[in-house]
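Undergrad: Residue numbers (this note's numbering), protein chains in the order written: chain A, 1 to 708; chain B, 709 to 773.
Read the hints as simulated data drawn from the structure, not as lab findings. The model shown is predicted, which means the values in this text are computed figures rather than measured ones. Do not take every clue at face value.
[Claimed, not checked] Simulated restraints, written as ranges between beta carbons of each label pair:
(1) B:Leu772 / A:Ala190: 47 to 57 Å
(2) B:Val740 / A:Val381: 42 to 52 Å
(3) A:Leu565 / B:Glu712: 54 to 64 Å
(4) A:Leu48 / B:Cys763: 19 to 29 Å
(5) A:Asp511 / B:Ser767: 45 to 55 Å
Ideal Cβ placement from N, Cα and C applies to all residues, glycine included.
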Amino acid sequence: MSANEASEALPTPRKPVVNSLTEEAGIWLFVIKTLLAYYLTGWIAMRLALPQPSSAMLTTIIVANRQSGMVLAKSFYRGIGTLAGAAAAFLIVGLFPQQREPFLIALSLWVGLCAGGATLYRNFKSYGFVLAGYTAAIIAIPVIGNPPDVFDSAVARISEVLLGLLVSGVVNDTVFPSRMRDVLRRTARAQFAHFIGFVQRSAGGNVARDAIQNMHLRFVRDAVTLEDLRSSVVFEDADAHARSGHMLLLNQRFMAASTSFQSLHHLINRLQRSGQDVVAQALLELYAPIGTALDTPIEGGAAMRVLLPRLVTARQTMDALAPALRDRLGSDTQASDFDTGASLLSRFAGELHAYVDTAAALQSPALPAGSIERVRFTYGVDFRDAGLATLRTTLTMLALAAFWIGSEWPMGASAMLIATVFAGLFATRQNPTQAAGALAGGYAIGMSAAFVCLFFVLTRMDGYTLFVAGSAPFLAVGLLMMMWPSVAGLGLGYSMGFVYILTVKNTMVFDPVNFINEAVAQVVGVSASAIAFIVVPPAIGSRWLRRRQLERLRRQVGLAAKAPLPGLRHRFESVNHDLFSQIVAQTELGSNDSRSLLAWALAVHETGRALIELRNDMMNGQLPSDLSRLIDRAVEALARFYEGPDAATYLSARDTVSSAIVAASAHVSARPLLDHLQLIRLGLLDRDSVLADYMPAAPMAGEIDHAS
Amino acid sequence: MPREIVFGDALIPGLLVLFVLSLVVLWLIDWVAGRFGLYRLVWHPSLFRLALFVCVFGSLALLLF
Chain A
1 MSANEASEAL
11 PTPRKPVVNS
21 LTEEAGIWLF
31 VIKTLLAYYL
41 TGWIAMRLAL
51 PQPSSAMLTT
61 IIVANRQSGM
71 VLAKSFYRGI
81 GTLAGAAAAF
91 LIVGLFPQQR
101 EPFLIALSLW
111 VGLCAGGATL
121 YRNFKSYGFV
131 LAGYTAAIIA
141 IPVIGNPPDV
151 FDSAVARISE
161 VLLGLLVSGV
171 VNDTVFPSRM
181 RDVLRRTARA
191 QFAHFIGFVQ
201 RSAGGNVARD
211 AIQNMHLRFV
221 RDAVTLEDLR
231 SSVVFEDADA
241 HARSGHMLLL
251 NQRFMAASTS
261 FQSLHHLINR
271 LQRSGQDVVA
281 QALLELYAPI
291 GTALDTPIEG
301 GAAMRVLLPR
311 LVTARQTMDA
321 LAPALRDRLG
331 SDTQASDFDT
341 GASLLSRFAG
351 ELHAYVDTAA
361 ALQSPALPAG
371 SIERVRFTYG
381 VDFRDAGLAT
391 LRTTLTMLAL
401 AAFWIGSEWP
411 MGASAMLIAT
421 VFAGLFATRQ
431 NPTQAAGALA
441 GGYAIGMSAA
451 FVCLFFVLTR
461 MDGYTLFVAG
471 SAPFLAVGLL
481 MMMWPSVAGL
491 GLGYSMGFVY
501 ILTVKNTMVF
511 DPVNFINEAV
521 AQVVGVSASA
531 IAFIVVPPAI
541 GSRWLRRRQL
551 ERLRRQVGLA
561 AKAPLPGLRH
571 RFESVNHDLF
581 SQIVAQTELG
591 SNDSRSLLAW
601 ALAVHETGRA
611 LIELRNDMMN
621 GQLPSDLSRL
631 IDRAVEALAR
641 FYEGPDAATY
651 LSARDTVSSA
661 IVAASAHVSA
671 RPLLDHLQLI
681 RLGLLDRDSV
691 LADYMPAAPM
701 AGEIDHAS
Chain B
709 MPREIVFGDA
719 LIPGLLVLFV
729 LSLVVLWLID
739 WVAGRFGLYR
749 LVWHPSLFRL
759 ALFVCVFGSL
769 ALLLF
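Build out the structure end to end from the sequences listed, making use of the hints.
TA: See below:
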């Protein structure tokens, strides 16, 4: 009896042990794979007699990652960056072979420009830019005294880096690969289940504003995560590559559907608050078929497809239900509010169907034939931020160059090289000052370890096998540290410092004096780049940047109002999501900043989408010229209000929208436009939204009904 | 095919050109295989790809020697 109990109780305590063992195994697998790639690269580089096997070996450390897809993606952009940097080095050396001042200025400028360019991109694309910058420095600085060597230097650098990438790629792709594709699939499925579940649950009743805000946060995070994963997974797997277009489309449709969904709930909430409970109730009844259609378990397999016919039926039911519900309403005002909601609901149902359709297509083993709509995920870019990064990096480089020339320090070149590398690597970090500190600390520890390894261990070792045996334990410490989140930066610094200063060569040179000189120069370089971030503070995370980002988010309404229509909806959604997720990553959750930000994001999102739909319908319909002029004026006034929100622009936006509604309700052909305008007006009048600050103090009598 | 190709004034090994060429070939094969899900029929897709690349590159390189 007791034995029975014991055996039943066993799995519970065993579980954490098994879990932690699996986790440990993953970490050690990473260490072993990285070491394998590292030493294999070193061995091949020495067999090929490359001048600096150590830089090929360093490459394998830099691209090391647990996920194979990440390694391949980073390798790809590292390769491109190296080639671009080599080309730039040729050009700079060719232009100023004999004049060191213009040479250093041109080089600093190039590195700065690349650092600036890096802030315009996300993921590994920005890494490619950084690399193009410092590769030029790595190639050009050592040959400053002897320009004709630049060709050999470039060829050596390119071969070393490409060799490192090739070996890393092959090792990570074939030796127990850990696939990101599964993570991507899980994420996409979780996103789908979560969204469908949410839509289904909220069919029953109203959703509080807080819940909508949290939901928005979650949806944005989902969309951005999915895009991040997708951009790396395409390197890992041919299947994923073939589906990349579908993934993009899925994400765009997800964003579109979730925006309409939010607008719908805002509308229902507003109606309820303004005492139009009957209308809200009617809309909820109209909404019910969607809830019923989605009320089926979706788990794995081909199950997503079963939702499609159910959704089609739901839409038919809704179309049949709408006139009956409309007739039940008393006044014209209520009927017109109901129409607004009904058209929004049918837009949402259409988008939901499209989203489920794409998800089902992705799930099926063979891709459906025929081409799909081509979409892309556009990022919100800020050229002023890029300018700041350019300025900072260029100044760091120039200061070091001036110091080098002024002091005639023989190790100046090393210091400058290291500073370039690190200034570039930090430029795109979330919190560069802290990261630079951790990395610099790790770097110093790594160099001390290298001193011990080089002069106490490796002096007794002969041959490659013994070299591996002598240095692997030291390196494994750094790689292990990289896997512990709390000391990851320190670990990366340690590994890089260790590998870089070890300068493994075919014939090892043991020269403590040179080692210490080199170490001092490298520490100066790392510190210089860390100091640069304190002197020219990183824009990322500052109040100034946050304000600017908020302004840009608001200006998105202007984009929705003015930009050319083709592809605008995707552009608007993806830039919105990117901007929003950037700001969210930089604000503390629950702080005042974050609350006002969320409120603005919701308002921008809703109004922008409504504007785009409005403009689309205007394009397609034939409108009398006076009406379209009125609507244009309303659209302009809205854009002006969001660009510079104050009481005056608010009033002008509200009044022009109202008069456009009056004019539109006189025309039968303007029926669909009326719905969008109503939606915008209701959003403008919402006293719970962020716009309340700009409204006149007391609602004037009749203001609400003024246009209806 | 010559073993070394003159480009500008630099000698480029013919093998490098063939290497890039085989990468392009592999990319084409990848595209087709991804479109029709052929890699699902293979036990270890990335090992298979590597082997395929070695075959392509090796047989092209035989043209040189």
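Undergrad: Of the numbered hints stated earlier in the document, which are not met by this structure?
TA: 2
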